[in-house]
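Enquirer: Here the protein sequences come in this chain order: A and B.
The opening residue of the first sequence carries number 1 in my numbering; numbering runs sequentially from there.
The opening residue of the second sequence carries number 1 in my numbering; numbering runs sequentially from there.
I should point out that these hints are in silico values taken from the structure, not numbers from a laboratory.
Just to be clear, a hint being listed does not mean it is correct.
Said to hold, decoys possible - The calculated EDC-like cross-link candidates involving lysine to aspartate or glutamate, where the alpha carbons are at most 20 Å apart (straight line), are:
1. A:Lys-291 - B:Glu-53
2. A:Lys-286 - B:Asp-3
3. A:Lys-180 - A:Asp-190
4. B:Lys-82 - B:Asp-180
Claimed, not checked - Some chain A residues near chain B, calculated using beta-carbon distances under 8 Å:
5. Ser-182
6. Glu-195
7. Ser-197
8. Pro-219
9. Phe-316
10. Gly-335
11. Leu-346
12. Trp-350
13. His-352
14. Met-356
15. Phe-451
16. Ala-454
17. Asp-455
18. Met-470
19. Gly-473
What the hints assert, rightly or not - Computed Cβ-Cβ distance ranges for the label pairs, DEER-style:
20. B:Val-111 - A:Gly-478: 36 to 44 Å
21. B:Asp-3 - A:Ser-197: 48 to 56 Å
22. B:Pro-160 - A:Gly-478: 34 to 42 Å
23. B:Lys-33 - A:Asp-474: 33 to 41 Å
24. A:Gln-147 - B:Glu-149: 35 to 43 Å
25. A:His-326 - B:Gly-58: 18 to 26 Å
No residue lacks a Cβ here, since even glycine has one placed at the ideal position from N, Cα and C.
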Amino acid sequence: MLTATKILQNIPVVSRMFPVDESDGLEEINSWPALMILTSFIWLFIAGLLGVAMPLIQRLGLDTDFFYRALTAHGAALAFPFTFQLMIGVGLHRNGGCSGKAISGWLPAMTYICMNLGAALLAVAILIGGFSVSIVLMYPLPIVGVQTGQWPMWSLVLAFTGIGMVLYTMIIFYPVLVLKMSFFGEKREDLILSERSMNDPGMLGMVLAALVLLIMGTPLLILATYVLVALYGIIPLDAVEFFTRPVVFQFAFFVFAHNLMEAMALMVISGVYATLPLYLADGSRKLYSDKIANLALWILLLTSFSSFLHHFITLFPNLPATLAYHGNIMSWATGIGAALSIFTILATVWKHGIRMNPGLLACFTGFILYILDGASAIVTSNVAWAFQLHGTMWQSGHTMTVVVAMALMWMGILYHHYPVMTGRMLDDKLGYRFVSLFSIGLVGSALVMLFGGADGMPRRHADWAQGDWMIWGDLLQGFAVLVALGLVYYAVNMMKSSESGVASKSPAAAE
Amino acid sequence: MMDSLYLSGWGALGVTLFMFIPFVAVFLYIIFKKSFSGAKPADTAHSKYVTAEWMWLGFVTLVFVLVNVVSIGYMPTVATAKAEASGHDIPTYSFEAQSWAYDLPDMAIKVGKPVRFSGKSLDTMHGFALYHPDGDVLFTMMLMPGMSEPTSLVHTFKEPGTYTIRCLEYCGLSHHEMRDELIVSR
Numbered sequence: 001m002l003t004a005t006k007i008l009q010n011i012p013v014v015s016r017m018f019p020v021d022e023s024d025g026l027e028e029i030n031s032w033p034a035l036m037i038l039t040s041f042i043w044l045f046i047a048g049l050l051g052v053a054m055p056l057i058q059r060l061g062l063d064t065d066f067f068y069r070a071l072t073a074h075g076a077a078l079a080f081p082f083t084f085q086l087m088i089g090v091g092l093h094r095n096g097g098c099s100g101k102a103i104s105g106w107l108p109a110m111t112y113i114c115m116n117l118g119a120a121l122l123a124v125a126i127l128i129g130g131f132s133v134s135i136v137l138m139y140p141l142p143i144v145g146v147q148t149g150q151w152p153m154w155s156l157v158l159a160f161t162g163i164g165m166v167l168y169t170m171i172i173f174y175p176v177l178v179l180k181m182s183f184f185g186e187k188r189e190d191l192i193l194s195e196r197s198m199n200d201p202g203m204l205g206m207v208l209a210a211l212v213l214l215i216m217g218t219p220l221l222i223l224a225t226y227v228l229v230a231l232y233g234i235i236p237l238d239a240v241e242f243f244t245r246p247v248v249f250q251f252a253f254f255v256f257a258h259n260l261m262e263a264m265a266l267m268v269i270s271g272v273y274a275t276l277p278l279y280l281a282d283g284s285r286k287l288y289s290d291k292i293a294n295l296a297l298w299i300l301l302l303t304s305f306s307s308f309l310h311h312f313i314t315l316f317p318n319l320p321a322t323l324a325y326h327g328n329i330m331s332w333a334t335g336i337g338a339a340l341s342i343f344t345i346l347a348t349v350w351k352h353g354i355r356m357n358p359g360l361l362a363c364f365t366g367f368i369l370y371i372l373d374g375a376s377a378i379v380t381s382n383v384a385w386a387f388q389l390h391g392t393m394w395q396s397g398h399t400m401t402v403v404v405a406m407a408l409m410w411m412g413i414l415y416h417h418y419p420v421m422t423g424r425m426l427d428d429k430l431g432y433r434f435v436s437l438f439s440i441g442l443v444g445s446a447l448v449m450l451f452g453g454a455d456g457m458p459r460r461h462a463d464w465a466q467g468d469w470m471i472w473g474d475l476l477q478g479f480a481v482l483v484a485l486g487l488v489y490y491a492v493n494m495m496k497s498s499e500s501g502v503a504s505k506s507p508a509a510a511e
Numbered sequence: 001m002m003d004s005l006y007l008s009g010w011g012a013l014g015v016t017l018f019m020f021i022p023f024v025a026v027f028l029y030i031i032f033k034k035s036f037s038g039a040k041p042a043d044t045a046h047s048k049y050v051t052a053e054w055m056w057l058g059f060v061t062l063v064f065v066l067v068n069v070v071s072i073g074y075m076p077t078v079a080t081a082k083a084e085a086s087g088h089d090i091p092t093y094s095f096e097a098q099s100w101a102y103d104l105p106d107m108a109i110k111v112g113k114p115v116r117f118s119g120k121s122l123d124t125m126h127g128f129a130l131y132h133p134d135g136d137v138l139f140t141m142m143l144m145p146g147m148s149e150p151t152s153l154v155h156t157f158k159e160p161g162t163y164t165i166r167c168l169e170y171c172g173l174s175h176h177e178m179r180d181e182l183i184v185s186r
């Protein structure tokens, strides 16, 4: 029995949601992924509570410190230990089942431990220590906050330790694990569910994402390691002066942060490409065109590298206008990749017909949200509009929407893999209720944030009443309740999943 | 019309919805048609798919190029470059930002006269966003500490009034209180 299976069986209450079926001989591609997925849902619960709390704090006029703590913790929990971990859980299971490689040993263990322990340390630093710096750190705010007495030094050290562990997971452990499984190691026929090659769009995106994380994250990882080592007094603080200059830190940070989102987009679109063909009405199990699907992934990859410059458009002239416009153009160019993905999905559906189920519907509504985010993102990346929208709720709407869009698509893909991982079937009626409530809630929340941003409502701002923006906060609260209700249905569905009999090796055959 | 499109957040929202709403309508139509009312495969000729693909890509590329080329004329960076190339003497409204207040100059600003807003941060990341009296954002600037040059932009006011200055870069626990006012006269 793997360590992951032992842990899963001992998590109280929620272990019922993800009982790994040990009898099917697939423990080595199911166990660590199941633990990662289940743990991600625990973080989703925490992030969700904080998300619902934020508008409430404003409406009740509570201490603004609570708002900023909730804001920081909500963003951090949603993006990293929830969405990223959900992605790697489902993605690793897919990789294992398609390549026949086991997910075992120290690498998946370190991936899991560093992500969750790191996130826990960060959560303590934020919620107890008051380390309220927003999800993007806003460097040098962490240090200025200590200097001005806003939060204690211990919370900064604890937070940076946690952030460092999470960065090692995202930049080293997970990408190396993916590349190891994709290109090295012994293939085992007993683990193969549906063999695929690297030419398959469903596999290509995984490898491209891993390479993006590894390459674009290395500068930040070097910087973070040096800073952490200095914070612990192992080297003098003077030795890291270069790395702690705001311009150096900010550019290294956003080169990674932006490409992290692009890598996650590559992963999830790749996941949709892999899942959609399994539910075609004619049983052909083929996308309209693998070539167009792969081209979309390559365009997304190549245009995303330098589009991170759009984060600094309003720093003019310190970011020269030419570079600002380059970031503008490359951001819009990623839209060409999205346009090809739209065509691939619709042409596939039109040509082959589909057998709808809640998981596939979740993928489709998640994709709709992804395109809404894309449209809002490229608009705010335009230099002219950036000078009106940057720093408003528009940006929060964009960031939140891309994260939840990806999460919804992964939850849909998980719906497909769940019977193989657990030997249980999910209820379609509960599934459709989840998708309906969750999707309406998320689209509503996204649109409210965009409207708020257009109205000049600032993001990360604890006083919405100041500019008559409370109406947007109240609407957000309403849609947040729908989102929460949808998630209740998702959780109940897993808790009540019934025994299906023999778990099938073929995911689509589980239907 | 172009002014209200490119110089306002509502124009940005309009363009976003212009891209999103037709996409949703077509996407949902196809998905529901091929899943609930007619799930069977289509016998559409391959040439029609190819035509649809090229028309779609052509349309997307056209919209993208048009939107971005026209936007050049509305970029504050371009307006700044033009103003500075005009040879006219542009007064500089030089300010500093430090948690959680602005150190603003005592300077008269008049309608129709270009002004260079030039600012630095003394401690952490700050923003300098100017709000029209009706609540719309005119422009926003990012102030990063440690930069050798200030962040700057040239802006010409079209209307008199009391404009609100707000920090739009999260800067700590009193970020929401960091604001001031600017009076523009005829």
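Enquirer: Please check whether A:Ser-197 passes as an interface residue: C-beta within 8 Å of a C-beta belonging to chain B.
Expert: With a closest approach of 25 Å, the A:Ser-197 hint is violated.
Enquirer: Mind checking the alpha carbons of B:Lys-82 and B:Asp-180 for me, to see if they're no more than 20 Å apart?
Expert: Judged against 20 Å, a Cα distance of about 29 Å means the pair is violated.
Enquirer: Is the interface hint for A:Asp-455 satisfied, with its Cβ closer than 8 Å to some Cβ of chain B?
Expert: At about 7 Å, which falls below the 8 Å cut-off, the nearest Cβ of chain B leaves the hint on A:Asp-455 intact, so it holds.
Enquirer: A:Lys-291 and B:Glu-53: Cα distance at most 20 Å?
Expert: holds, 13 Å
Enquirer: Return holds or violated for the Cβ distance of B:Val-111 and A:Gly-478 against the range 36 to 44 Å.
Expert: holds, 42 Å
Enquirer: Sort out whether B:Asp-3 lies within 20 Å of A:Lys-286, counting only the CA atoms.
Expert: With Cα atoms ~47 Å apart, A:Lys-286 and B:Asp-3 exceed 20 Å; violated.
Enquirer: Hold the hint about A:Gly-335 up to the distance rule: shortest CB distance to chain B must be less than 8 Å.
Expert: At about 6 Å, which falls below the 8 Å cut-off, the nearest Cβ of chain B leaves the hint on A:Gly-335 intact, so it holds.
Enquirer: If you check the beta carbons of B:Lys-33 and A:Asp-474, does the distance land in 33 to 41 Å?
Expert: holds, 37 Å
Enquirer: Going by Cβ atoms only, is A:Phe-451 closer than 8 Å to chain B?
Expert: holds, 7 Å
Enquirer: Any CB of chain B closer than 8 Å to the CB of A:His-352?
Expert: OK, holds: A:His-352 within 8 Å of chain B, min 5 Å.
Enquirer: Indicate whether the distance between the beta carbons of A:His-326 and B:Gly-58 respects the range 18 to 26 Å.
Expert: holds, 24 Å
Enquirer: With a cut-off of 8 Å on the beta carbons, see whether A:Ser-182 makes it to chain B.
Expert: Cβ of A:Ser-182 sits 30 Å from chain B, so the hint is violated.
Of the numbered hints stated above, those contradicted by the structure are hints 2, 4, 5, 6, 7, 8, 18, 19, 24, listed in ascending order.
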